[in-house]
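> Could you use the hints to bring the two separately framed chains together as a complex?
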Amino acid sequence: MASMRDIKRRKAGIQSTQQITKAMKLVSTVKLQRAKTRALQSKVYFNSMYQTVTSLLAKTGNIDVPYIKPAETTRKAVIVLTSNRGLAGGYNSNIVKLLTQGEWPKEDIDVYAIGKKGRDLLKRRGYTIKADHSELSDEFCYGDAIKVCNEVMKSFEAGEVGEIYLAYTNFKNTVSHVPTLLKLLPILPGEFGEDIDVDGDGLPDKLLMNFEPKDEEALKMIIPKYVTSLIFGALIEADASENGARMQAMDSATNNAEEMIGELTLKYNRARQGSITQELTEIIAGAEAIS
Amino acid sequence: MSEENFFDVEIVTPERVFYRGKVSMVEFNTTEGEIGVYKKHIPTTVILEPGILTLHEETQLKNAALHSGFAQILPDKVTILAELVEWPAEIDEERALSARTRAEERLNEKAEGLDVDRANIALKKAICRLNVLK
Chain V
1 MASMRDIKRR KAGIQSTQQI TKAMKLVSTV KLQRAKTRAL QSKVYFNSMY QTVTSLLAKT
61 GNIDVPYIKP AETTRKAVIV LTSNRGLAGG YNSNIVKLLT QGEWPKEDID VYAIGKKGRD
121 LLKRRGYTIK ADHSELSDEF CYGDAIKVCN EVMKSFEAGE VGEIYLAYTN FKNTVSHVPT
181 LLKLLPILPG EFGEDIDVDG DGLPDKLLMN FEPKDEEALK MIIPKYVTSL IFGALIEADA
241 SENGARMQAM DSATNNAEEM IGELTLKYNR ARQGSITQEL TEIIAGAEAI S
Chain C
1 MSEENFFDVE IVTPERVFYR GKVSMVEFNT TEGEIGVYKK HIPTTVILEP GILTLHEETQ
61 LKNAALHSGF AQILPDKVTI LAELVEWPAE IDEERALSAR TRAEERLNEK AEGLDVDRAN
121 IALKKAICRL NVLK
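Sequence order for the protein chains is V and C.
Position one of the first sequence corresponds to residue 1 (my numbering), numbered consecutively onward.
Position one of the second sequence corresponds to residue 1 (my numbering), numbered consecutively onward.
So that you can see chain C by itself, here it is in the shape it has in the complex (with noise of 0.2 Å):
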């Protein structure tokens, strides 16, 4: 692919600038489905859902659980303004694998005064941190 069809990323958190550089595509999970984004997009504010993050590189593809947040997509650049994004290096297998059971059991068991969102969105959670490090 040649040079002119790589794009600027920018992924931001409130605690730090966790990724910048070029990519030909950006891939991510919304609340209307996953897309896929490439150069010369129209302007467009998306709502992100907890997925898996591919980012285009030009020698190598590069994942990360990207959990909420809302993306920014401009012509050149993609700004994705995550609350909670991680790399593969810093997902704790076990803790995912518990967390997910625990969902499950909730939701299963449709106890008095539960949740059914937040249980919902931990869940989704779980199965996006595993799924990353698949």
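In isolation and in its complexed conformation, chain V is listed as follows (with noise of 0.2 Å):
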């Protein structure tokens, strides 16, 4: 049996991890609030870009726009949207999965990364880092979505890869986030929900919508604003998910940490309970041995 001293030590470090552990699961439950909040927000202005994508792609079947047609290259971009620090459970793990499990020849992707975690992850494993944006993963804007975006576009009008992906966690409700892999660009015909009813009289109204200026105009100025937006709201989610997680995975540390305390206290009693027992049977073995 472990001596008192060696369990009395032990379990004073397991309190001290339990502190952190705690203190870790407070911070991460009022960013997820403030996610959630900020979600929340931004909700109306998808909802509302969806609408006008839907009825745009609705009109425009047949036109010479590279968003909208199917890859020449099987080069894919690929958006890693992962966290800075670790202690988050199989949040950063789960992402890169999607890659490393995936179908994809992992020379056939170029990784955008978002958060350090998932570059490293990936780099280890041999995937190529195109590009590494990781300060967005702490504190983002629109305008940094923006430049992001813009980036990808740029290989991708240029015909460098063929398909651009997004790979984030989506923050389903405080207890779920599913690793999702969204394709962003092109945007083929038939793979986007059809009926839409913006005016509310009960009928799909995608014929009615007139576009200044004229549709493939159109299509190539709101295109790139609809992947911004699809950036954005990933980057919002994915710091909610990522909250969430770490969320849960300090609560059952510090749950755990006190289950092992517990353990730990009934040893350091029952050594405690020895080592008097055992002072006791010499002291009378010797006075034994006087009389």
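Careful: at least some of the hints might be erroneous.
[Claimed, not checked] Taking lysine-lysine pairs in the DSBU-like style, the calculated list, with each CA pair at most 30 Å apart, reads:
no., chain 1, residue 1, chain 2, residue 2
1, C, K110, V, K147
2, C, K39, V, K43
3, V, K225, C, K39
4, V, K214, C, K134
5, V, K97, V, K11
It should be emphasised that the hints constitute simulated quantities derived from the structure, not laboratory data.
Structure (structure tokens):
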């Protein structure tokens, strides 16, 4: 049996770890609340954006814009959203698994990393890191999403990559986060929801909408904005998911520490009792020997 | 103007709902030029250019600097999806002034490797901000 001093030291160690995990849990709870509010506020924008793009695509069946044509090269750009810090359970490795367990050979993938953890994990596995915007994982605004979007769009327009994907964690609710691989471009006809009803008269009204400038021009201008908004939305969701995942991880860590402390307390008491008993037996044996 | 000539306007940005209210007319600048929209407009989607947004409310006029995005016009509702829009109170005049000077200098010098489009946009934005403040 371990000595009393050893057990005591071990217990103190676990206690201070527990304090840390508890504090981290509180911090991520607060951050999660903030991220959730932010997600709620931006929802209106995305819904309207989605409506506009659907009605636009429903109208523009056969025009010659690269954004809606099938890819010519097999090379893909993937924007990978992970966190900068660990201790978030399976949050980062789940995202990385999307790529490593996917069907695409890694030679065909250009990674645009947002988040140090994902960047390092993918780099170690031999993926090409085309760009690194890890600073955005902590703090971002809409302008940052525009910057990333322009960068990816540039290589798409130059024909370097044929498809753009977004790997992020979808925030369903506080306990459920789903790693998602979302295709941003090209948007192929038929992959989009079709019936929309903007004016609420119960009839699909995709044919009513006019576009100024004409459809093709409008498409060229709106699609990048649409992609930007998706990236921004994913950033917000990823932020919420990261904090949600960390909250959960830290919660169970705190509980585990609690359990271990309980066990150690029991062991400590037993050891103490044992040493007292031993001491008593020794004294009694000694007294008997003298008499 | 009677009540029935008013319609809903909603201006949303990725970060927040910027404005929601009833107006009789809304004016803004598009790629096709400046337009004013009344109620019962034909459904149209237009792309925005930097310019002044004017909301004609029942009792007052409201101005704002609208920089980019697009607008969805329906007979009884206008939704503006703005990437960037500011009330006059949110604009920093000195910053806008210096941004204008800087953009003008860049365009005049025509330095090597200048991103002309970007400088032009910066200039337009700065001018738009200053116009709203006037």
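> Against each hint, give a clear statement of whether it holds in the structure.
Each hint, compared with the structure:
1. K110(C) / K147(V): Satisfied, since the Cα-Cα distance of roughly 24 Å is no more than 30 Å.
2. K39(C) / K43(V): With a Cα-Cα distance of about 26 Å, the restraint between K39(C) and K43(V) holds, given a limit of 30 Å.
3. K225(V) / K39(C): Since the Cα atoms of K225(V) and K39(C) sit roughly 27 Å apart, the hinted pair holds (cutoff 30 Å).
4. K214(V) / K134(C): Violated, because 34 Å separates the two Cα atoms, which is more than 30 Å.
5. K97(V) / K11(V): 36 Å, violated
Of the numbered hints given earlier, the model fails hints 4 and 5; all others are met.
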